[in-house]
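Here is how the chains run, residue by residue.
Protein chains: 6
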Amino acid sequence: MNPTTKQQLMGVSTATLCTALFKRGLAHQFIQDVRPLNPGLPNMVGEAYTLRYMPAREDLNTIEVFKNREHPQRKAVEECPPGAVFVIDSRKDARAASAGGILVARLMKRGAAGIVTDGGFRDSPDIARLPFPVYHQRPAAPTNLTVHQAIDINVPIGCGDAPVFPGDVVVGDAEGVVVIPAHLADEVAAEAVEMTVFEDFVQEKVMEGRSILGLYPPTDEQSRVDFAAWRQAAGR
Amino acid sequence: MNPTTKQQLMGVSTATLCTALFKRGLAHQFIQDVRPLNPGLPNMVGEAYTLRYMPAREDLNTIEVFKNREHPQRKAVEECPPGAVFVIDSRKDARAASAGGILVARLMKRGAAGIVTDGGFRDSPDIARLPFPVYHQRPAAPTNLTVHQAIDINVPIGCGDAPVFPGDVVVGDAEGVVVIPAHLADEVAAEAVEMTVFEDFVQEKVMEGRSILGLYPPTDEQSRVDFAAWRQAAGR
Amino acid sequence: MNPTTKQQLMGVSTATLCTALFKRGLAHQFIQDVRPLNPGLPNMVGEAYTLRYMPAREDLNTIEVFKNREHPQRKAVEECPPGAVFVIDSRKDARAASAGGILVARLMKRGAAGIVTDGGFRDSPDIARLPFPVYHQRPAAPTNLTVHQAIDINVPIGCGDAPVFPGDVVVGDAEGVVVIPAHLADEVAAEAVEMTVFEDFVQEKVMEGRSILGLYPPTDEQSRVDFAAWRQAAGR
Amino acid sequence: MNPTTKQQLMGVSTATLCTALFKRGLAHQFIQDVRPLNPGLPNMVGEAYTLRYMPAREDLNTIEVFKNREHPQRKAVEECPPGAVFVIDSRKDARAASAGGILVARLMKRGAAGIVTDGGFRDSPDIARLPFPVYHQRPAAPTNLTVHQAIDINVPIGCGDAPVFPGDVVVGDAEGVVVIPAHLADEVAAEAVEMTVFEDFVQEKVMEGRSILGLYPPTDEQSRVDFAAWRQAAGR
Amino acid sequence: MNPTTKQQLMGVSTATLCTALFKRGLAHQFIQDVRPLNPGLPNMVGEAYTLRYMPAREDLNTIEVFKNREHPQRKAVEECPPGAVFVIDSRKDARAASAGGILVARLMKRGAAGIVTDGGFRDSPDIARLPFPVYHQRPAAPTNLTVHQAIDINVPIGCGDAPVFPGDVVVGDAEGVVVIPAHLADEVAAEAVEMTVFEDFVQEKVMEGRSILGLYPPTDEQSRVDFAAWRQAAGR
Amino acid sequence: MNPTTKQQLMGVSTATLCTALFKRGLAHQFIQDVRPLNPGLPNMVGEAYTLRYMPAREDLNTIEVFKNREHPQRKAVEECPPGAVFVIDSRKDARAASAGGILVARLMKRGAAGIVTDGGFRDSPDIARLPFPVYHQRPAAPTNLTVHQAIDINVPIGCGDAPVFPGDVVVGDAEGVVVIPAHLADEVAAEAVEMTVFEDFVQEKVMEGRSILGLYPPTDEQSRVDFAAWRQAAGR
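Taken in order, these protein sequences are the chains called A, B, C, D, E and F.
Here the numbering used here is used: position 12 in the first sequence is 15, and no number is missing along the way.
Here the numbering used here is used: position 22 in the second sequence is 25, and no number is missing along the way.
Here the numbering used here is used: position 200 in the third sequence is 203, and no number is missing along the way.
Here the numbering used here is used: position 204 in the fourth sequence is 207, and no number is missing along the way.
Here the numbering used here is used: position 24 in the fifth sequence is 27, and no number is missing along the way.
Here the numbering used here is used: position 107 in the sixth sequence is 110, and no number is missing along the way.
What the hints contain is simulated information worked out from the structure, not anything from laboratory work.
All of these numbers come straight from a predicted model, not from anything done at the bench.
Listed below are several chain A residues computed to face chain C (Cβ distance under 8 Å; list not exhaustive):
1. GLU81
2. LEU106
3. ARG109
4. PRO142
Virtual Cβ for every residue (Gly too), placed ideally from N, Cα, C.
This is chain A alone, in the form it adopts within the complex (with noise of 0.2 Å):
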């Protein structure tokens, strides 16, 4: 991902960023359903590298099974780039854990930037005390052997009803989680830094007393104008 455009996406919403990926006939790019463990922290942006899961065959899902250093999940958590945002598809079922704070604290350290599940993470209080971005539906204590295989590392999924490919661009604030199709990540978040500017000018107006009306969308002449003014005098 170019630089200027992850510096870009840290600084506006998942909203904005649905509403220009709306624009361009994209209407299913935000994760339904999951929220953030730690919401205090900076905007989650990096590209997708994902796992999938599958239900799981109670005989290939022992506890034995992680000895064997091959196993996706584990081997996803060590090969994962640094910048990465991990996303796992999990079937939206919370019924067991997709990852615990181990795994979790290990992409950390390994350098991710993120982790999203439409399932749940076990170790949850744990979790949320790490200063990384981690999104999951609710919180699950069973291991993911309960219920969910590791079958495929890096290849497209399904997560919270969204079409994620590998080295899509995936952003997280404290509302939720949006996946930005790797070709328009630049001019996606191009155009949602010009538009934050423009909302923050109208919010500010609202907050003033203003009307919504020819304010937002700016029919009228006049808001325009002022946004012209507003953003010079703002250095924006």
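Chain A is fixed; fit chains B, C, D, E and F onto it per the hints.
Below, chains B, C, D, E and F without anything else, positioned relative to chain A:
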């Protein structure tokens, strides 16, 4: 709404109001599965002003539609009376936003008492910082156009499986939101105040170690005597 | 419960306990989809004392029924043994309350170790201020009479899809609640303590930058050597 | 059950019975989301005999448990009184069977009036060929041990969100199953017969082209006159 | 509706219509999760006439309300134009009926083209015997008063997550129901007829053993040649 | 697959197979919530050949994509080996089709043993007339492009919450579909045949009026003696 009623409703809980309604045969007035974005505020109390969404049809929900000043979502925000609670029927669908931070701020500035949807709001981290009661199911970054089309203003609706008629009295606390039919507001408010006094007495006695048997409800004569004395001493 | 076992269970997580149970072939002991109202407390540990709800029939669930001292909900609250965890089978239905603030406070004063429902509690803001472990699905202001009828005390039940037998050992932390079959409590507690010591070692090493491969699980001989040294140094 | 009542209930629909119960303030007596495996049979009418399942714990639900003649599932099938309807609380979980073809056949041979679960039956193609009323949610091939443990015989239960007390009168037709509280069975049956006569008259008139206004309900005097004449002519 | 359009729509499938709509950017016009009670009938084709339900409030939904000739459910049945499809927004709630056999029969006699609800109908076994297209989610014996209140006639609604505007063209077959925006009906019908001719050709060739590659879609020139010949021979 | 195994599996039920798998510790091999479109056929038996769908991204799923002969959906249909069962992971989402009548017909002509999706098929009325085993959740007229993107051929998948590996033996009957791990197919088939013989004996005895106690399972010595005699007489 009678100002006394409003003041009374500021001091009672949605739980107590639900019981007062249950005694009158109304069992479905609690809006299911919504929660406050900012739970530390005083009660939300106001008359319902409603907006109805239907499923979005793509050709009628391009980003351009907001340029129309008559768009029902924008129009409703500008016409909602001061003191009212803005209640949205989003068909319990939180895949896209019912509204965002700017519209919520505008409603606040226009003097609304609060806003409720059985879907979700976007810009939820910003909204959570406003001194304004806002209730939803969960955050939803995508623009409402994605799945919702605003279609009717101030008609009877459903919200979280509760029936809501314009003018009904809507009360929210940190637990959730209850809808009081307009014609019952005064008597329910008065009764809830009385119930609250008694429950405060019971809670105090329970914390002192008393059994609930004979006390809650006060089937023991002694409980009624004690309550009378406590009430007099407490000046309530 | 053996006092040693209780003390051991105060110091381990539900995640670790789930793994110890999984090793014994028990994969469904975590109560699904409940969360603490007051997550900052020490672990909840106690033997299960149960209450079973069935769907309410209107003629049997008027507000008058609570005048009956034998009403199972009230009777159970007064008979629950000190030290026990009160577990309610609400059929995962949170449309109405399983109980409210007064009954929860009474249980606390009577010395119960905590309370769990797979439905919801009313007066949840008040309950959240009690120094008492309380777990539910979500707040529910309507009185239990609306959809629940208390019918059986201290029988085997389901709670959040987990089987709960009276006397089972129930443990809750900030993540959720797990049910340990009574006959396994001692061995599972002891094993969980051992696992916790090892996981603490691993977490420390991971935070120092070590790979999980060969460490977790400790398939490298060096990992076992290091752990032995660490354990001795840490006096655990 | 009064033999007259039974005969009356053989000739009315669950829809009519639901209305008769609704008039008495009972709105939740229809078992939700179950359907007949063999919809061509006469009505099922009998007193409820119940079986309660809880979630299965693996160590208590090995294939060996059926060797125990006291196993509640098998015991209940052998003890259910002739003429009774066997109603199972499967917690609306159809992932595994509530029972299979052999037990259903045994119940039929023992003279039961029918069987209902809010889960599923296995061997459903075989069961569908028996001349015996059987209702479930959907087919479920896995043995009940997979998710269900039979725990209580003939206690009050929930089935498809309806309250069922032993001895309640259970009626099934091609539409579904309704539960009539025992003390109301005679009066509800008699009223339903009267309602059915009137509805048959209305249906005939509607098929002749008459408007429902003034006819259903018969707010026009002429409708009542016509009905009286029709009834006399029809000998009902 | 243009009579040609109607005739064309009688001969195409909902599947083909969904594809024609998808090509125009409309992806949500299929009414989700409804099925015909009587699947052997010709297609249902007509313009939408709608009824909107909201959640029932108990005091407004006693059995007495039907005495009011202005009750929207009854009024709508008597005012629905001949040839129209009566579409009900039941909020996907099939716990109680959207209507019963008498009203459905009345609609049939009044010349309606069919009826659809995203809830359920009562008297479903009787309705299944009428020569009239009727679609619902599942049978529902309880009277609509139990959970539904009819509130609006012929307004835009949602039905099974599809947007339905009065006058839209509604088509049902044995698979389900699709809603065609009024302004697109003619062109979509014509295109669907063309698509059907081609698909019939493809189906015939596939049944003769031909590969779908190059045939469906006809990217091979030979496929287009063969189709032209087949079409001429078939006189379509 | 061993031809004997295949023949054996043609003569046993999915219910019996689920029990044989349960005895081996495999409790999740039944594909949940799918049903046959054409329940009168012989068993479906074949080795799994899989297709994985992910959520559709709009720009990658225009109607044009089918012109690509390498499109995984089309390619898989043309490459599925004769005798195989085509199993689709549709993430349990039946809002759009997994495939339609033409592709299903092509698979049939190519000699596949059947097709299963945990979503839905379009053209379901046509498919129901093919002499070919087809299982889905419910009909779904919209093209798969609406919500599904075919992404992987013949990888391990989930289908209806069951794990499916390419080569697993898939068996369907009028009840549903079960997945037998490849390495267990021979022994499970043989055991299921034996179980079926015994269950046929039991069913016959039960229909003659015998109690299940001591018979099912045959804990009475006499039951075993009777079975031996019955088996010899029946020549099985």
